[in-house]
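Use the sequences and the hints to build the structure in full.
Order-wise, the sequence lines are chains C and Z. According to my numbering, the stretch in the first sequence is residues 1 to 254, in order. According to my numbering, the stretch in the second sequence is residues 1 to 276, in order.
Bear in mind the hints are in silico, worked out from the structure with no lab data behind them. Virtual Cβ for every residue (Gly too), placed ideally from N, Cα, C. It is possible that part of the hints are untrue.
Per label pair, the in silico range of CB-to-CB distance [claimed, not checked]: (1) C:S78 - Z:G64: 39 to 45 Å; (2) Z:G254 - C:S150: 34 to 40 Å; (3) C:W77 - Z:S208: 16 to 22 Å.
Taking lysine to aspartate or glutamate and the EDC-like style, the derived pairs with C-alpha atoms no more than 20 Å apart in a straight line are [unchecked claim]: (4) C:K74 - C:E245; (5) C:K152 - C:E211; (6) C:K74 - Z:D237; (7) C:K74 - C:D244; (8) C:K74 - C:D84; (9) C:K74 - Z:D239.
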Amino acid sequence: MTGDWTPGEMMAVAAASLLRDDDVALVGLGLPQIAALLGQRTTTPGIQLLLELGVFMPHPVEPAMGIADPRMWKDAWSYGGVIDVLGAMLHGGRVTLGILGALQVDPSGSLNTTMVSAADGSVRRFNGSGGGNDIESLAGRVLVVMRHDSRKFRPAVEFLTSPGRMLDGRPRAEYGLSGGGTVAIITDRAILQITDAGAVLASVHPGQSPESVLASTPMPLIVPAGGPDETAAPTALQQRLLRDELDPKGWYLG
Amino acid sequence: MSKVSSLADAMSTVTDGAHLALTGFAITRSAVAAAAELVRAGRRGLTLTQVIGSLETDLLVGAGCVDRLIYSGGSLDRFGSLHSVNRAISAGLPTEEYSTLSLTLRLLAGSLGLPFLPTRSLIGSHLLARLTPTGGAMMITDPFSGAPVLAVSAVRPDVAIVHANVCDEDGNACVFGPLWSIKETALASARVIVTAEQVVPRGGIDPSRVTIPGAVVTAVAEVPAGGRPTAVFGAYDYDATLLSEYAAASRAGGETFRRFVTDQFLAPDEIVAVAR
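In structure tokens form, the structure reads like this:
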């Protein structure tokens with residue numbers, strides 16, 4: 001099926017391939033943060049990271065339990081508050097990139113991070129928006145990183161925590177949202193590009209067939225005329241950094 | 001005149017039905033000792049505004065002190081969810097859920113005496129759809145451009161609690177490290193109670209380091225380890241064992257949670273003093 005890498009490693013590497021050296025990024029904890037740190041150590045050393053609670057350019061060196069864990073704030077350039085980071089930086093148009101996780105997505109890249117219903121009608125609540133809605137609403141572009149679980153792909157999300165590229169079929173800017181919304185969903189099997197026309201199967205990861213990816217993605221998905229690309233596999237350097245330095249306890253990359 | 005008092009005296013000014021604002025963030029800088037004092041006093045009917053829910057939020061909700069919650073989500077990071085909060089919401093606790101920025105803007109508007117502030121966040125979401133009937137957020141037209149924009153209304157809690165590193169007897173408080181929404185929350189509130197790791201005499205604080213001006217602070221209590229088991233930057237790390245145990249107790253709920261809270265947070269003062 002796959003080469004000598006874990007699904008999490010493949011996701012981190014695929015997400016890191018979409019970063020730019022001049023990105024100013026707000027990232028969620030877990031794989032989004034791992035992907036950003038991987039880019040910072042390899043192909044996009046110029047990327048600037050921000051944490052919503054008021055941290056500019058942290059350089060964490062050990063795994064943190066969350067963004068509220070002071071280990072995450074180590075050797076930062078400066079501290080401020082929400083009004084500095086989500087206000088002046090994000091709302092002010094200076095944040096070019098957000099990287100987020102999601103419980104559910106739809107073909108326009110809209111996100112549910114609030115709750116999911118079980119088959120028996122019971123509702124399971126998660127951690128809520130926090131800064132997630134702000135990032136999706138305001139960042140220049142957003143990458144969504146999540147496991148390729150068929151239950152997570154919906155024609156329409158169950159709870160719309162954060163609107164994606166389109167809203168009710170119309171461009172988000174018409175509603176007063178700024179930024180571009182979701183541009184890609186990176187899973188452990190493929191990269192889905194979000195366009196005005198909907199979600200496009202842009203590339204499949206090594207060892208995955210387009211047919212199997214389509215079969216496990218129960219939402220409208222456009223296949224390019226020439227078929228999807230194949231995502232580049234993790235390199236030895238990327239795997240060493242991920243395993244030895246960025247997630248040595250295997251919390252996120254398993 | 002000195003604003004210094006005991007923690008119990010300071011917290012006795014938070015009465016049943018008050019609109020309380022808290023400033024902890026997940027597993028960091030939660031005013032746990034102050035919240036425990038409210039639990040000990042059996043406070044009921046509180047409205048609680050807190051930008052990111054934390055251990056103190058979960059403690060107060062789990063103890064039945066809170067009748068209305070205004071927040072933007074929260075967790076105990078990888079230690080767990082705010083199980084008591086989530087369970088209470090499922091059982092019908094009235095809740096207004098924002099995003100981090102939009103709720104902080106409500107507090108900023110409150111601090112400035114403005115009726116509302118405009119924002120481009122939250123627009124088009126189900127969060128907004130649920131908030132509009134509460135009077136907290138409403139789409140309006142930008143009077144200059146004619147474009148749609150969201151207005152979030154000012155919020156002015158009765159009393160805020162901030163756990164600071166150092167504070168002088170006049171209430172000039174220093175919060176070290178990231179500040180998330182601590183300042184906006186304090187300045188929006190009619191009264192501010194500071195609990196501090198250390199209280200120093202007048203003149204003992206570098207004015208450049210003051211986060212919360214004494215001008216808005218109404219009471220100061222020295223509470224060493226007042227944030228335990230959460231981390232207080234510049235003072236101590238979180239207590240991973242106690243946080244894990246808390247998360248498990250909160251998940252269990254009921255008598256397990258009640259006993260854990262009683263044993264860990266409501267212990268007699270002399271036992272807590274020895275533990276320090």
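With 16 to 22 Å as the target window, see if W77 (chain C) and S208 (chain Z) comply at their CB atoms.
19 Å, holds
Range hint 39 to 45 Å (beta carbons of S78 (chain C) and G64 (chain Z)) holds or violated
For G64 (chain Z) against S78 (chain C), whose Cβ atoms are near 41 Å apart, the range 39 to 45 Å holds.
Between the alpha carbons of K74 (chain C) and D84 (chain C), is the straight-line distance 20 Å or under?
Answer holds: K74 (chain C) to D84 (chain C) is near 18 Å, not above 20 Å.
Please test the hint of 34 to 40 Å on the beta carbon pair from G254 (chain Z) and S150 (chain C).
Given range 34 to 40 Å: holds, Cβ gap about 36 Å.
Holds or violated: K74 (chain C) with D239 (chain Z), Cα cutoff 20 Å?
The given pair, whose Cα atoms are some 19 Å apart, holds under the 20 Å limit.
Given the hint that K74 (chain C) pairs with E245 (chain C), test it: the Cα-Cα distance must not exceed 20 Å.
15 Å, holds
Holds or violated: K74 (chain C) to D237 (chain Z), with C-alpha atoms at most 20 Å apart
13 Å, holds
Please verify whether K74 (chain C) and D244 (chain C) have alpha carbons no more than 20 Å apart.
Measuring from Cα to Cα gives roughly 19 Å; hence the hint holds.
Going straight from one Cα to the other, do K152 (chain C) and E211 (chain C) come out at no more than 20 Å?
At roughly 18 Å apart (the allowed maximum being 20 Å), E211 (chain C) and K152 (chain C) satisfy the hint.
Consistency with the previously given hints is maintained throughout, with no hint failing.
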